[in-house]
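Visitor: Going line by line, the protein sequences match chains H and G. Going by our numbering, the first sequence wraps up at 191, each residue one higher than the last. Going by our numbering, the second sequence wraps up at 391, each residue one higher than the last.
Please note that a few of the clues may not be correct.
[What the hints assert, rightly or not] Ranges of calculated distance between the beta carbons of each label pair, as one might list FRET restraints:
| hint | chain 1 | residue 1 | chain 2 | residue 2 | range |
| --- | --- | --- | --- | --- | --- |
| 1 | H | Val149 | G | Val306 | 36 to 42 Å |
| 2 | G | Glu244 | H | Ser177 | 47 to 53 Å |
| 3 | H | Phe113 | G | Thr199 | 44 to 50 Å |
| 4 | H | Arg76 | G | Asp333 | 56 to 62 Å |
| 5 | G | Glu318 | H | Arg104 | 56 to 62 Å |
| 6 | H | Ser31 | G | Val306 | 39 to 45 Å |
[Stated by the list, open to error] Partner residues aside, some chain H positions facing chain G, computed with beta carbon under 10 Å:
| hint | residue |
| --- | --- |
| 7 | Pro81 |
| 8 | Glu125 |
| 9 | Pro127 |
| 10 | Glu160 |
| 11 | Arg164 |
| 12 | Asp165 |
| 13 | Ile167 |
| 14 | Trp172 |
| 15 | Arg175 |
Hints are computed from structural coordinates only; laboratory data are not their basis. We treat Cβ as the ideally placed atom computed from N, Cα and C, and that holds for glycine.
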Amino acid sequence: MRTANKDIELVTSRVPSAFITRFLAQGARWWVLIIVSPWITPSWSATHTLEGVLDRVREQAVPTYVITRPPVEGDEYHARAVAQFRSTPSVELRFNRGLHAKVLLAEGPDRALGLLGSANLTLNGMEGVEVGVLMHSRGIGEVLIRDLIDFCTWDLRRSSELIKSREQRSRTE
Amino acid sequence: MTAISGWACLKPGRENFTVRPEVDAKFFFGRTVLRDNVRRQLRYGLTVLGAPKLVIWGPYGAGKTHTLHHIKWYLEQEETDAGCETRVVKTPLLNKSSNFAALHAKLVDGVGLDFVREAVNLYVAVDPSNWVQNLVGLVGDANVAHALRGLTLFGTMQLTAWRWLMGEKVLDVDQLNLNITRTYHAAEDLVQVLTGIGALIRRVHDKRLIYLIDEAELLDGVTSQEAIDSFVEAMRLLSSDENRNVGFVVAAVRGTEDDGSFRVLNAGPVWNRLGEQNYINIEPLAPVSARDFVRDLLSELVDRDCANGRDAGSDLFPFSADALELLEQWITEDPSRQLPRQIIQALNNGAFAAWESDEPLVTGTAMARALDF
Chain H
19 MRTANKDIEL
29 VTSRVPSAFI
39 TRFLAQGARW
49 WVLIIVSPWI
59 TPSWSATHTL
69 EGVLDRVREQ
79 AVPTYVITRP
89 PVEGDEYHAR
99 AVAQFRSTPS
109 VELRFNRGLH
119 AKVLLAEGPD
129 RALGLLGSAN
139 LTLNGMEGVE
149 VGVLMHSRGI
159 GEVLIRDLID
169 FCTWDLRRSS
179 ELIKSREQRS
189 RTE
Chain G
19 MTAISGWACL
29 KPGRENFTVR
39 PEVDAKFFFG
49 RTVLRDNVRR
59 QLRYGLTVLG
69 APKLVIWGPY
79 GAGKTHTLHH
89 IKWYLEQEET
99 DAGCETRVVK
109 TPLLNKSSNF
119 AALHAKLVDG
129 VGLDFVREAV
139 NLYVAVDPSN
149 WVQNLVGLVG
159 DANVAHALRG
169 LTLFGTMQLT
179 AWRWLMGEKV
189 LDVDQLNLNI
199 TRTYHAAEDL
209 VQVLTGIGAL
219 IRRVHDKRLI
229 YLIDEAELLD
239 GVTSQEAIDS
249 FVEAMRLLSS
259 DENRNVGFVV
269 AAVRGTEDDG
279 SFRVLNAGPV
289 WNRLGEQNYI
299 NIEPLAPVSA
309 RDFVRDLLSE
319 LVDRDCANGR
329 DAGSDLFPFS
339 ADALELLEQW
349 ITEDPSRQLP
359 RQIIQALNNG
369 AFAAWESDEP
379 LVTGTAMARA
389 LDF
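Just chain G, same shape as in the assembly:
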């Protein structure tokens, strides 16, 4: 029996209709309004704010992860002269008293020791005289500058310096050797580390560091007011106009007013700095948009030559028109189905049902069977 990918004329490398955010980052299926709005706010951020600063709300399965990867593609591949160095970072698991330090460690690690060390080396190469003092001026903090300098040292000291930048406590003697006066744990200090690294990258690469932070609904695990305050303070500082080198796009499931993610990302000091237009909601797909979504998806995933040989003239192959009409009815019936993840799953189930029965197309009957509809 032919594999389902061959039966459905899928392009090489495709096993089904599932969209893979990293591989398919270039595409933004069926949502041109949303895509254009996101892109416009990114451009606004780059121009007016110095760096994009966005919050993206959306339910599970709405395509937030895909949107973040599309933003990465857009900033690095489409707008190649925008000058952005992006990092996709998944929010770590957080407990009730986790503060910003937990996320900070992942953000620093996300940039990468090798990348930051190389940036320091490039900085030194440009002006070797008095470079440490100049670095203090650039990053705006002597301890951060000395830790960055530590990355150029041999042996374990560079790892110690890196751990310090990640917010870890290091031995007093190591701290002394690195010429660092104290551990940084407060949000204000940790943001200084991030903006310091951002300033360095801006100087040597002429790029802004843009964090694409996924699954920020994990902030809902944080309940302690002190810990929430730590995140709010960090977001407030990163949202500030003074920070022009480190941007962010944070994606989260929008919770209630009591949830940690909402309390942090929608906090007054953050909201006031970002402005309403930098909060973007990914709404469920209306049935008409769902149709565009499916058409866009099929046009990208299905090999047209192969499909024409099987069902000439149809741009819906391997689906029949009545199968997709049924899918639309199924979507319309329950708003929770109006999500890309649900629709793709329905397409996969429909294709499997037809393939399994050795039918040439996914007909309405096969789709009804698959959806139990």
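So here's chain H without its partners, still in its complex pose:
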């Protein structure tokens, strides 16, 4: 089910893909990407993978902020995803042991996009029973995105442990 108005949309199926599909859309340009998810896996579906997102990040040298939980023993998928972030130059990686929030945000010269919901950026998050609100850069959607960017990059980011800083950054035109 998906209900929509012009500013925000309720998403109840394959929740993270609502954001990922738009982030990867052809021609989409981004200034910043923010991933807040306690758990992350390298693959989310047959077409959506972390590597695909990171390819876009590398292509545009998008400053990317990732806040997640530290890998735990036995969770090799999360550990592999963390390793992928570690090896991507423009990614800043931080760990937060108490993290429960799930937020995806992106902003570019033409638009901003946000997803706030229950789904981790994992295969289960894609296939399980989840719910989310997709926000566009209009009206209340824009207000929420601005406030979430501020919260994620300032309060939450500064209260999370820095694991890897960004070494490369560029704001595309």
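Given chain H, work out where chain G should sit, using these hints.
Guide: Below, chain G alone, put in the same frame as chain H:
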């Protein structure tokens, strides 16, 4: 007769209700939405852009200067770990052919010779071996590095080096002695000087250099296309994502599309880099906001104990409720009055009218007399 400050129970050091941007920088009266928006964009700049890059538009008397001083306070006193070294710089008088060099000189001077020289000395102290070559790598330009090195020399050479950094032409022989190859006058070169100084400050102090540039409407005096292009190029480079060490907040009265300030600050190459959200408009105070503004102002400027002894229970002292209602009507009648400067002036006039007549409060009658309303 008691002085008006005593009569109005103003706190020590206050002569009237006028807000002084530098002294009162901590306060942002009655405009929490604007304040929060400015602060959010500053944080966005610090995190995502490397340094805040904002343009603030607003009419005369809207509080732009106060906003710049509030930003300075916020970045240095409130967010103490934000790592910012701020400088408030007033735009110089510009004529039709003034180019970026005129502003550049003030920006460099605003950092201060002593501060930059100390930064060079600290840089040398960390790694004395091969430091000049390392400095070239840090600032990204050999001439700038050699000029910075010149600041550590004795006698007049350090002043010569400083003048060169400010964009002045120095004697060829001095240039040779400083190991500098040419004068920097083009916008691109001058921005290299600014970002070089910014990189040095970032390295030794772990702080970003943030310029708070006031009265940028003086750019309206610039009419030559070549000169405008020089400012646009400088702003384009400073707005670029490559520049992560030198931030700016530029405040100006928003002119028409033909005015220099608009042509520079709203130029496509600048706008495209900053993004719409980094252009902030200070709107006139709506009457409801004006009420909040006055209440916030009085709560800060008036000594509450003294006021309670004079008019217990009122948080509006020395004004009566009907005086402020009249003030609201006066504001509503003419939008040009919906500005902090106008409102403060009205408060001062009302207080003076009541004080002069030896009345205990500023009543509606006194306020009407003062406003001729």
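Visitor: Give a verdict on every hint.
Guide: Do the hints match the structure? See the list:
{"no.": "1", "hint": "H:Val149 / G:Val306: 36 to 42 Å", "in the structure": "holds, 37 Å"}
{"no.": "2", "hint": "G:Glu244 / H:Ser177: 47 to 53 Å", "in the structure": "holds, 50 Å"}
{"no.": "3", "hint": "H:Phe113 / G:Thr199: 44 to 50 Å", "in the structure": "holds, 49 Å"}
{"no.": "4", "hint": "H:Arg76 / G:Asp333: 56 to 62 Å", "in the structure": "holds, 58 Å"}
{"no.": "5", "hint": "G:Glu318 / H:Arg104: 56 to 62 Å", "in the structure": "violated, 49 Å"}
{"no.": "6", "hint": "H:Ser31 / G:Val306: 39 to 45 Å", "in the structure": "holds, 44 Å"}
{"no.": "7", "hint": "Pro81", "in the structure": "holds, 6 Å"}
{"no.": "8", "hint": "Glu125", "in the structure": "holds, 8 Å"}
{"no.": "9", "hint": "Pro127", "in the structure": "holds, 7 Å"}
{"no.": "10", "hint": "Glu160", "in the structure": "holds, 9 Å"}
{"no.": "11", "hint": "Arg164", "in the structure": "holds, 7 Å"}
{"no.": "12", "hint": "Asp165", "in the structure": "holds, 8 Å"}
{"no.": "13", "hint": "Ile167", "in the structure": "holds, 7 Å"}
{"no.": "14", "hint": "Trp172", "in the structure": "holds, 5 Å"}
{"no.": "15", "hint": "Arg175", "in the structure": "holds, 7 Å"}
Violation of the numbered hints given earlier is confined to hint 5; every other hint is satisfied by the structure.
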